[in-house]
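A.B. asks: Letter by letter, the chains look like this.
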Amino acid sequence: MIELIDITKTFDAANTSHDALIDVTLTIEDGDIFGIIGISGAGKSTLARCINLLERPSAGTIRIDDVDITNFTGRDLLDLRSSIGMIFQDFSLFSQRTVLQNVMFPLEIRGDSRQHCRARAYELLEVVGLVEKANSYPSQLSGGQQQRVSIARALANDPKIILCDEATSALDTLTTNSILDLLRQINRDLGVTIVVITHSMSVVRKICNKVAVLDQGRVIELGTTEEIFDDPQNAVTSELIGEVIIRG
Amino acid sequence: MADSMSFFSDFIARYGSLLIQGTIATLIMTFVSSALAYLLGTPLGILLMMSAPNSLKPNRTLYSVLGWIVNIGRSIPFIILMVALIPLSRLIMGTSLGVAGAITPLVIASTPFVARLIENSLQEVPSGVIEAAQSYGASTFQIIWKVLLSEALPSIARSIPITVITIFSYTAIAGVVGAGGLGDIAVRYGYHRYQTDVMVATIIIMIFLIQVIQTLGNIAVRRIDKR
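Chains as they are written, first to last, in numbering that gives the first Met the number 0: chain D, 0 to 247; chain U, 0 to 226.
The set of hints was computed from the structure by calculation and includes no laboratory data.
A hint or two may mislead.
Taking lysine-lysine and the DSS-like style, the derived pairs with C-alpha atoms no more than 27 Å apart in a straight line are [to be verified]: (1) U:K145 <-> U:K225; (2) U:K145 <-> D:K159; (3) D:K132 <-> U:K56; (4) D:K132 <-> U:K145; (5) U:K145 <-> U:K56; (6) D:K205 <-> D:K159.
One-sided excerpt, in silico: chain U residues whose CB lies under 8 Å from chain D [what the hints assert, rightly or not]: (7) E130; (8) A131; (9) Q133; (10) A137; (11) S149; (12) L152; (13) Q213; (14) R222; (15) R226.
Stretch by stretch, here's where chain U covers chain D in the computed footprint (C-beta under 8 Å, at least three residues) [said to hold, decoys possible]: (16) 86-99; (17) 174-187.
In this text, a Cβ means the ideal position worked out from N, Cα and C, and glycines have one as well.
One chain only, chain D, in its complex shape:
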């Protein structure tokens, strides 16, 4: 269970400061596929990055499984991060490493034996259906294949949580669907909690069971996906849903 309590994040520039998140409170239960949706600049990526402390909140508390992680540093911080997988819009694969070596990376930095890293990486490539590409380099793969590799990499440490930051925004509809299917399968089969950052309501509708709508750093709506779709309380939410209807 991930509990975000009164999270505020302020970015200080030279003369101005900008509130990216204001008093955000929400709870993500184990096994959820939790959508965080909003337009660009709403603060959703910042919020996701607070969960693995890539961003440190300016105020508020983050608890994961009842442990307050807000002020983790040093070894605790690195261990926390290695227990949370993350995938990115631009895949962020290591271009000089093969597919197999990319998947081995999180295990390698944990200090696992080379043999174990390899065996585990092959298992994971099996899960995402890319064993035959093990010795290819990322530049030789399509966008969808690259995202599958990064999902395999995110799974390497047996995480209980995976953060997806606009994971399908760079992909076409067909590829998006296959990636979302894969995420749903991982959620179902491995019981991994998935946090989905997106600006697309159709992504939310396809895989999320719960959703928080973020606007200008505030949670303006929170509920199950059905609730939000059936009865949006906020103009911004309606607009985001409207987009789905227009696009079909």
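Position chain U relative to chain D; hints supplied.
C.D. replies: Leaving out everything else, chain U in the frame of chain D:
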């Protein structure tokens, strides 16, 4: 025909060993200095990259001081640096003359250059890739070693011929101040004695060596770069 043949054999008989020795001296100065410059310049470049504002370990003081040292090193023309460093060279190598005497100033002149090249190469690594490594719990050292250097390797490899060729041209200047090598031969014979043939020979050798260095560099980059 017979005339030109005998001209060549005469020329090689008279200057062949001189040119070979000069070439060897130039190559030793170039490659030993390049290796040492990378040995010293790489950590310096890493420190510069890491301590820069908004980087992984921002440190304004360290970044300013290092940047300042590097800029000083790069702003002094080599021929002046060479003369200024004569005492230091005597201290480190025991002499300021010959190949051994040239190494100290060559390394000191090229280390800041290498540091900047390394810094630039490391900065080219996409921040998303670094963030991905952080998100998997990589320590700073692991990020430097397993991500930054590894991802920047093609760019670093591409800059190596630039450094080697720059140092190569420095060795010619060093030649003027007693270091020996092809530059020294070109100046002594070509300039002081008006022996144009010797000078032309050194130029041909230099052009050939530079072509070889650049070609080998290009082949290496093609093998390394997986992007």
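A.B. asks: Hint by hint, note whether the structure agrees.
C.D. replies: Outcome of the hint check:
As the CA atoms of U:K145 and U:K225 are separated by approximately 16 Å, the hinted pair is consistent with the 27 Å bound. Of the pairs offered as hints, the one joining U:K145 and D:K159 holds, with about 25 Å between alpha carbons and a cut-off of 27 Å not exceeded. Proposed proximity of D:K132 and U:K56 is contradicted: the alpha carbons are some 36 Å apart, above 27 Å. Annotation: proposed proximity of D:K132 to U:K145 holds, straight-line Cα distance about 22 Å (limit 27 Å).
Distance restraint check for U:K145 and U:K56: the Cα-Cα separation of roughly 17 Å lies within the 27 Å cut-off, and the hinted pair is therefore satisfied. The straight-line distance between the Cα atoms of D:K205 and D:K159 is roughly 21 Å, inside the 27 Å bound, and the hint therefore holds. Restraint check, U:E130 versus chain D: the minimum CB separation of about 6 Å is within 8 Å; hint holds. With its C-beta approaching chain D no nearer than about 4 Å, U:A131 sits inside the 8 Å limit, and its interface hint holds.
Annotation: U:Q133 was flagged as interfacial toward chain D, and the flag holds, the nearest CB pair being 6 Å apart, inside 8 Å. Restraint check, U:A137 versus chain D: the minimum CB separation of about 5 Å is within 8 Å; hint holds. With its C-beta approaching chain D no nearer than about 5 Å, U:S149 sits inside the 8 Å limit, and its interface hint holds. Nearest Cβ of chain D to the Cβ of U:L152: about 6 Å, under the 8 Å cut. The hint holds.
Annotation: U:Q213 was flagged as interfacial toward chain D, and the flag is violated, the nearest CB pair being 23 Å apart, outside 8 Å. Because the closest C-beta pair between U:R222 and chain D is about 12 Å apart, greater than 8 Å, the hint is violated. With a least beta-carbon distance of about 5 Å to chain D, the hint placing U:R226 at the interface is held under the 8 Å criterion. Counting residues of the region 86-99 of chain D whose beta-carbon sits less than 8 Å from any beta-carbon of chain U gives 8, enough to reach three: the coverage restraint holds.
Check on the region 174-187 of chain D: 0 of its residues sit with their Cβ under 8 Å from a Cβ of chain U, so the three-residue criterion for coverage is violated.
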